[in-house]
Structures are given as structure tokens and as C-alpha cells.
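Q: Sequence:
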Amino acid sequence: MALISAALKKAKGYSRNQTLTERVTDSDKKKSKEDRKRFDMSRPSRGASERYLEKCGMTWRRVLERIETNDRSLGSINLRWCELGDEGAARLATALETNDNLRDVDLQHNQIGKEGAAHIAAALEKNSGVRELRLGNNHVGNEGAVRIAAALEKNDSVREIYLWNNQIGAEGAARLAAALNKTNLAVLNLWANKIGDEGAARLAAAVESNSVLHTLDITATQTSDEGAARLAAALEANKTLLKLYLSGNDVGDETALVAALGKNFALKEINLRNNKLSDASKDALRAIADKTGKKVVL
Numbered sequence: 001m002a003l004i005s006a007a008l009k010k011a012k013g014y015s016r017n018q019t020l021t022e023r024v025t026d027s028d029k030k031k032s033k034e035d036r037k038r039f040d041m042s043r044p045s046r047g048a049s050e051r052y053l054e055k056c057g058m059t060w061r062r063v064l065e066r067i068e069t070n071d072r073s074l075g076s077i078n079l080r081w082c083e084l085g086d087e088g089a090a091r092l093a094t095a096l097e098t099n100d101n102l103r104d105v106d107l108q109h110n111q112i113g114k115e116g117a118a119h120i121a122a123a124l125e126k127n128s129g130v131r132e133l134r135l136g137n138n139h140v141g142n143e144g145a146v147r148i149a150a151a152l153e154k155n156d157s158v159r160e161i162y163l164w165n166n167q168i169g170a171e172g173a174a175r176l177a178a179a180l181n182k183t184n185l186a187v188l189n190l191w192a193n194k195i196g197d198e199g200a201a202r203l204a205a206a207v208e209s210n211s212v213l214h215t216l217d218i219t220a221t222q223t224s225d226e227g228a229a230r231l232a233a234a235l236e237a238n239k240t241l242l243k244l245y246l247s248g249n250d251v252g253d254e255t256a257l258v259a260a261l262g263k264n265f266a267l268k269e270i271n272l273r274n275n276k277l278s279d280a281s282k283d284a285l286r287a288i289a290d291k292t293g294k295k296v297v298l
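Following full-length UniProt numbering, the numbering of the sequence shown begins with 1 at its first residue and continues without gaps.
No lab work stands behind these hints: they were computed from the structure.
Keep in mind it's a predicted model, so treat the numbers as computed, not measured.
Even glycine gets a Cβ: it sits at the ideal position worked out from N, Cα and C.
Among the hints, erroneous ones may be present.
Claimed, not checked - Here are the computed lysine-lysine pairs in the DSS-like style, where the Cα-Cα straight-line distance is at most 27 Å:
(1) LYS263 / LYS239
(2) LYS263 / LYS295
(3) LYS291 / LYS239
(4) LYS182 / LYS268
(5) LYS126 / LYS182
(6) LYS268 / LYS239
(7) LYS243 / LYS294
(8) LYS154 / LYS182
(9) LYS194 / LYS126
(10) LYS243 / LYS291
(11) LYS276 / LYS294
To be verified - Have a look at the derived ranges for each label pair, beta carbon to beta carbon:
(12) THR240 / THR94: 34 to 44 Å
(13) VAL297 / ARG62: 41 to 51 Å
(14) LYS194 / ALA280: 28 to 38 Å
(15) ARG61 / SER211: 42 to 52 Å
(16) GLU68 / ALA259: 50 to 60 Å
(17) GLY293 / SER128: 21 to 31 Å
(18) ALA287 / LYS194: 27 to 37 Å
(19) ALA237 / THR94: 57 to 67 Å
(20) ASP100 / GLY262: 19 to 29 Å
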């Protein structure tokens, strides 16, 4: 797992316990039918993914077989911390191409780089079932983000994508922004990527005319007043965004955010914790929260 800085922990409230889920045990067989639809192997591993899967009583052959055969009892798959790498991602992606039952695919913390991301993108162009794709804390980079964005334009099933801490910069953010209004994405999570003001501005331009996205997370993305000002302008026009996360950035008073929030009646929650807002701006934001019922985190 890549190191997550103290600043990011503070900005996001990061917790290892919030990230990991329980390892599957024999007692899990007694859980509800809905729980059994989730194939869960989320546990840190120091060995190769194949050895880890075997320790969990499952082999790649069995994993891929269940996906390739469209096993209807398999609604979601959690392969966090399995050290899949690009090779494992490629094998999984091939199986996903013809599967229309999986809804939730979690591949966070897996050392997946641009090559693995390219294979996943190719699968998304053919897959019509996946609704939620989690790729956080990998090494997708700009090139991988560009490939994923292009695939999303051809995919109408994915509703949520999590790409946090993936070494994505302004280029990758710009390509995702360009694709945004050609997709059905409701949640886009890019926190801890260095997209900067340029990336934030491109996302803001897309959000301005978007009617589907309801959650945008650009926490700890090196966004300052310039990028925040573009987001403020977008908020004045947008009528569907419900949650905006901007904590852990360099946002100050020169953003027009206060005025924008006063004019936007759709947004329900905004997180501006750990920025550079003055006490006066914070007081103004609290007043708006009291008046409108918005959740404003400062």
C-alpha cells in the first residue's frame, strides 16, 4: 500500500479500519443470501496474488470461472490488497468482458498500473453490468485515466468510479472531465491526485452543464483559489450536484464560494475543512448553512 501522508489522513479522516472489511470465514456461510452474493477476499497480503487466493480457499481458476460463467450468485467482488498487479488486472478484465451480473468491482490497493488500467478500460467498453468500480490507491496515472475516460464514454452502466490516490494529474482529470457529460456517472472520486487548478477548472466546466453527477470528491488535490473560483461559477449554474468535497486544499477567500452557495439550492453538503478560509468567510458559510440547511464542514 502506498503511504498516505498525515495531511491526507487529517483531510479525509482516513482509517485503516474503515478501508478493510472482515476476512471471509466459515461462519460467513450462515449470513443472509444477499451477503453471500459478495465475493470478499479483502485482507492485506505480502505474497503473490495467486498464493493469497489459495490461502483464502480460492484459486484464480475458480475466481475467473465464476465471472466467466456469469454466476448469478456473484453480485460483487472484493479483491482489495491482493497484489494483482497489471497481469492480474488483465486476467480479471478478460473475464469481465462477457459478464453482465457483477455490479460492484473493488480492486483497490492492488499495484495496478497503466497497463492494467488499459485492460480494465477495454473490458468496460464491452461490459454492461458493472455499476461501481473502485480502483483507489493504485498506479493508474494519467495514461490509465485517459484510457478509462475513453471507455466510460462507451459504457452506460457505470455509475460510480473511485480513482483516489492514483498519480493522476491535470491531463488525466481533463480527459475525465471531457468524458463526464457523455457518461451516466453519479460519483467521481479523485481525492489525493495532483490535478491542481487546471484539473479542477476542467472538472468545473463539465459540472456546470452536467445533470447526472451528484458527488464530486477532489479532496487534497492541490486546488487553490483559481480552481475553486471555477467551481463556484459552476455551482451557480448546476442544479444536480449534491456533494462536493474540497478539504485539504489551498482554498482561500478569493473564490466566490460563499456567494455561489447562497445561490445554489441543490447542493446539500460541501467539505472545506483544512483550507485557508478566513474566520469571516467561515462565519458567512455557517450563516448560509443555518439558513439553507446545507451541511458545511469547516
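Q: Mind checking the hinted window 28 to 38 Å against the Cβ distance between LYS194 and ALA280?
A: Cβ of LYS194 to Cβ of ALA280: about 30 Å, so the range 28 to 38 Å holds.
Q: Given a hinted range of 34 to 44 Å, is it respected by the beta-carbon distance of THR240 and THR94?
A: The hint (34 to 44 Å, Cβ to Cβ) holds, given that THR240 and THR94 are roughly 36 Å apart.
Q: Run the distance test for LYS268 versus LYS239: straight-line Cα separation, threshold 27 Å.
A: holds, 11 Å
Q: Run the distance test for LYS243 versus LYS291: straight-line Cα separation, threshold 27 Å.
A: Holds, at roughly 18 Å.
Q: Sort out whether LYS126 lies within 27 Å of LYS194, counting only the CA atoms.
A: Violated - the C-alpha atoms of LYS126 and LYS194 are around 30 Å apart, more than 27 Å.
Q: Using the Cβ atoms, figure out if GLU68 sits within 50 to 60 Å of ALA259.
A: holds, 54 Å
Q: Would the pair LYS291 and LYS239 pass a check requiring their Cα atoms to be no farther apart than 27 Å?
A: Distance of about 19 Å is within 27 Å: holds.
Q: Quick one, are LYS276 and LYS294 close enough, alpha carbons at most 27 Å?
A: It holds: about 21 Å lies between the C-alpha atoms, which stays within 27 Å.
Q: Does LYS126 pair with LYS182 here, judged by a C-alpha cut-off of 27 Å?
A: holds, 16 Å
Q: Take the C-alpha atoms of LYS182 and LYS268, compute the straight-line distance between them, and say whether it is at most 27 Å.
A: Holds. LYS182 to LYS268 sits at ~24 Å (cutoff 27 Å).
Q: Has the hinted range 27 to 37 Å been met by the Cβ atoms of ALA287 and LYS194?
A: holds, 33 Å
Q: Quick check on a hinted range of 41 to 51 Å for VAL297 and ARG62, using CB atoms only.
A: Given range 41 to 51 Å: holds, Cβ gap about 44 Å.
Against the hints set out earlier in the document, violations occur for numbers 9, 17, 19, 20.
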